[in-house]
Amino acid sequence: MPATALRFVATLLCASALMPNGLIPTARAESPADIAKAMRPVTDEMLRNPDAADWLMWRRTYDGFGFSPLKQIDKSNVKNLQVAWAWSLSNGATETTPIVHDGVLYIWNYADKVQALNAATGDLIWEYRRDLPQALLDQAGNNLAKRNMAIYGSSLIVATSDAHLVALDAKTGEVTWDHTTADWRKGWRYTSGPFVVNGMVMQGMTGCGNAEPGGCFISGHDMKSGAEAWRVWTIAHPDDPNYNSWNGVPLESRFGASAWVAGSYDPQQNLVFYGVGQPYPWIAEMRGTLPQKSIPGGTSNALYSDSTLAIDPGTGKVKWYHQYLENDTWDLDYAYEQMLIDLPVGGTTRKTLVTTGKLGIIEAIDRTNGEWLWAKQTVPQNVVASIDQKTGAKTINQAAVPHIGQTTLNCPADPGGRGWPATAYNPNTQTLFLPLNEFCSNTTPTPLDPGQSYTGGGRAIFARTLVPGSDGNVGRVDAVKLSDQTTTWSFRHRAPATGGVLPTAGGLVFAGAWDRIFRAYDDATGKVLWQTKTNNAINGFPVSYSVGGKQYVAVAVGNGSSQAKSLATLTPELSVPDGGSVLWVFALPDQN
Amino acid sequence: MGVRPAGSKLIRRARGPGRAARCLAGLLAVLWSGTASRVAAQPFVVDPWRFGTRDNNSALAYCIDARDPDQPVARSIGRALAEALLLQPREYLMSADFRTADMSGEDMDNLYRVLIEHCDVVLGFKLVANAYPAWLTVTRPYYRSRYVYLTATPTWNRLSDLPVDAAIGATIGTAADMRLSQYLVAVGPDRAWSKYPMSSDEAALAAVVAGTTAAALVWAPTLWSLAQTDTRIASLTPLAPDPLPVSFADVGAILLTKQPFLRANLDQAIASLTADGTLAAILAQAKFPAEVVR
Chain A
3 MPATALRFVA TLLCASALMP NGLIPTARAE SPADIAKAMR PVTDEMLRNP
53 DAADWLMWRR TYDGFGFSPL KQIDKSNVKN LQVAWAWSLS NGATETTPIV
103 HDGVLYIWNY ADKVQALNAA TGDLIWEYRR DLPQALLDQA GNNLAKRNMA
153 IYGSSLIVAT SDAHLVALDA KTGEVTWDHT TADWRKGWRY TSGPFVVNGM
203 VMQGMTGCGN AEPGGCFISG HDMKSGAEAW RVWTIAHPDD PNYNSWNGVP
253 LESRFGASAW VAGSYDPQQN LVFYGVGQPY PWIAEMRGTL PQKSIPGGTS
303 NALYSDSTLA IDPGTGKVKW YHQYLENDTW DLDYAYEQML IDLPVGGTTR
353 KTLVTTGKLG IIEAIDRTNG EWLWAKQTVP QNVVASIDQK TGAKTINQAA
403 VPHIGQTTLN CPADPGGRGW PATAYNPNTQ TLFLPLNEFC SNTTPTPLDP
453 GQSYTGGGRA IFARTLVPGS DGNVGRVDAV KLSDQTTTWS FRHRAPATGG
503 VLPTAGGLVF AGAWDRIFRA YDDATGKVLW QTKTNNAING FPVSYSVGGK
553 QYVAVAVGNG SSQAKSLATL TPELSVPDGG SVLWVFALPD QN
Chain B
51 MGVRPAGSKL IRRARGPGRA ARCLAGLLAV LWSGTASRVA AQPFVVDPWR
101 FGTRDNNSAL AYCIDARDPD QPVARSIGRA LAEALLLQPR EYLMSADFRT
151 ADMSGEDMDN LYRVLIEHCD VVLGFKLVAN AYPAWLTVTR PYYRSRYVYL
201 TATPTWNRLS DLPVDAAIGA TIGTAADMRL SQYLVAVGPD RAWSKYPMSS
251 DEAALAAVVA GTTAAALVWA PTLWSLAQTD TRIASLTPLA PDPLPVSFAD
301 VGAILLTKQP FLRANLDQAI ASLTADGTLA AILAQAKFPA EVVR
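The listed protein sequences derive, respectively, from chains A and B. Start counting the first sequence at 3; every next residue gets the next number (our numbering). Start counting the second sequence at 51; every next residue gets the next number (our numbering).
In case anyone wonders, no lab produced these hints; they're calculated from the structure. What you are looking at is a predicted structure, and each value in this text was computed from that prediction instead of being measured. All the pointers check out, no bait thrown in.
Below, a list of computed lysine to aspartate or glutamate pairs in the DMTMM-like style, where the Cα atoms sit at most 25 Å apart:
| id | chain 1 | residue 1 | chain 2 | residue 2 |
| --- | --- | --- | --- | --- |
| 1 | A | 396 | A | 486 |
| 2 | A | 529 | A | 486 |
| 3 | A | 295 | A | 254 |
| 4 | A | 483 | A | 390 |
| 5 | A | 295 | A | 328 |
| 6 | A | 319 | A | 241 |
| 7 | A | 295 | B | 215 |
| 8 | A | 188 | B | 159 |
| 9 | A | 295 | A | 242 |
| 10 | A | 321 | A | 46 |
| 11 | A | 319 | A | 224 |
| 12 | A | 73 | A | 53 |
| 13 | A | 295 | B | 292 |
| 14 | B | 308 | A | 580 |
| 15 | A | 319 | A | 368 |
| 16 | A | 321 | A | 230 |
| 17 | A | 321 | A | 268 |
| 18 | A | 319 | A | 242 |
| 19 | A | 173 | A | 129 |
| 20 | A | 353 | A | 268 |
| 21 | B | 308 | A | 140 |
| 22 | A | 226 | A | 180 |
| 23 | B | 308 | B | 133 |
| 24 | A | 295 | B | 211 |
| 25 | B | 308 | A | 575 |
| 26 | B | 337 | B | 326 |
| 27 | A | 115 | B | 159 |
| 28 | A | 115 | A | 224 |
| 29 | A | 188 | B | 280 |
| 30 | A | 295 | B | 240 |
| 31 | A | 188 | B | 252 |
| 32 | A | 115 | A | 125 |
| 33 | A | 396 | A | 373 |
Label pairs and their computed distance ranges (CB to CB):
| id | chain 1 | residue 1 | chain 2 | residue 2 | range |
| --- | --- | --- | --- | --- | --- |
| 34 | B | 240 | A | 319 | 33 to 41 Å |
| 35 | A | 298 | B | 142 | 52 to 60 Å |
| 36 | A | 317 | B | 205 | 48 to 56 Å |
| 37 | B | 311 | A | 535 | 38 to 46 Å |
| 38 | B | 282 | A | 368 | 47 to 55 Å |
| 39 | B | 281 | A | 187 | 21 to 29 Å |
No residue lacks a Cβ here, since even glycine has one placed at the ideal position from N, Cα and C.
The task is simple: from the sequences and hints, build the whole structure.
What follows is the structure, encoded as structure tokens:
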């Protein structure tokens, strides 16, 4: 053996002796495929009690908190946060939430491309591209974006833009099954993803206005095949005890009530909670629920729009519902994340469900029976004049009700004081963090192009404007202590808040906006401890995970959803590029 | 067709302004075009669609929506417009999957893409005030049609013959639907008919044929189209709208606001085709329920 070779072997042996556990750094790192193959199947127990390193579902945990228990990145060191890696995504509306499990990060790209990446390096493991119909691609827009996926066993479950549910092998990306739920040509579409409980895949349908009467639905599917096990209609059908809640309008003329986002789950009660959106068309006089007729036993509440539905995930049976806004005529959904929080109410601890609608009013109900408990207003609004403190019944400001032939001012308006970008809750401090926007709309119902099928909610001109007396700031992040409903802090900024928020156990809250700035706030004071300017609008859901003991914060950016673009009309001086959807991943620098 | 004399006016080099004046006018047109494009709000489309246009050469490319009931008439009008401008007609049939009903949302952005990729104008848009984004403009109307009430009960002649507990199936969000809604609000909920919002004219007509509703309120061109193949629809009885007035809608074509020269020429072409009777002849030949707009 030559002398140089001997020296090399000796060096290796010495190094081996010095390395912990005798390991020698390998010249060839573990391959991306190996990482995926080593991934453990996701069990029910994992979903109920996820590893702190993982982010296994849209809001991370069944209770919908959107909270990371990781604390390596904290108030003292967040100033050192830097880019760990970045990954370009398909251009388009980017509202996505990564899923992370055992060091593998799964990301949804605009127009139905799914990728598995090495969560530590961003290296591609596998990619799935759906072959979408050209006509659907031509339509483009928000319908090709999805907010989340689900993982269960060894499958990654995705909802596609052509209204299918598809299970992919999480290790290879191969299609395990492909189930057609509805015909996309008729306007059915998915804008969010599945939610899995005890092997039941649940998915909310959206759209439901394109000549398809009867409203939307939430369906339950067999995890092994995708076969539909049950369907809950989000609009009362003739066999429903609340059928008589649409002012006498028959089923054929009822539209809307989308299930815009995934649900939450209470294992103790074995109940899943889904929010339901607004009825279509938005203007009540157009949809026939105004003026209200005198129908014995009837109402014009338009059930189950703007409600929480408590559903048995095994059977699809609705146990109870609570409607927050009757006969919505503004597109002010109460459709978003349903947080399951045990809170002190009236001297006792109640099992509450906390949700915040587009009005920006935080509301708590008893999640065992739907009883209303309390509400707290955040952004300026003029739609609700008062709330009955016993029942939660809302008295509507009639001056804010749109009428055909008139222009009315309503605050907030259709993109919402909060929209689909999610709020999040830190259980350690009992604090809810909310991405909010302050604005109003001069709303004028207007006719549509005759001869065309009806496809959506609109049918009005929404001239969005700042709130009267505004200082010009539109976006803000609020911290509200839910135990006493006090606002701890509020950080206001010019740019609309367009991304979800992420609190962590490190005492931080991450949030981003239309101006491309991604910030880390001190969760106790709202002081900005770190910020960076990315390449595009922060319009996704930030998550945090760890690999090999290192904490990462990931957020997807892109040119903006329709909701973000609507808000951006308030700040025309703030532009974002057309292209450039990117997944940004941040971490602290390595000590060496 | 009697279009040639009128149409030729549009391109004939008229006496009057000299070369310098024409040059100035051209400059003004260019400047105006640039100003308009800066002022107009931009659609949310990606860069490849924002820049670049088709090379049209000597053609007028017009789009027709496959879902519109007036297809044969629109086709004839498109050809007549091209002929009037001494351009070759180039038709593009937009897929039935293309959505244009959400006038405030992304569907309008898609129209921008269609106008860049396929056609100079899209035929069949109604002149609805303030309903279009600033980057779109509508030509003067080439016909006016109306909304009609229909019933399967032949003994009723007018809307006021309907009993107060009757239901009218009205296609959602049309100008006539909105007028009916206003009337129902004014009269009071329990002293007037019920209104069932229908997702389409087809659904409204199907409901009245099935007896689910007492009357339907639909766009006359849709009735014209469907009645040609469905005897049940053809046998429905039209109702006079009183106590409500007749609701009309003017129909034209949309194009990009940044093309004022094309807009001006199209408007002149429509005026000429109206004046020389070409449009009226197209409507009459098809027995289409519309009239020209003078």
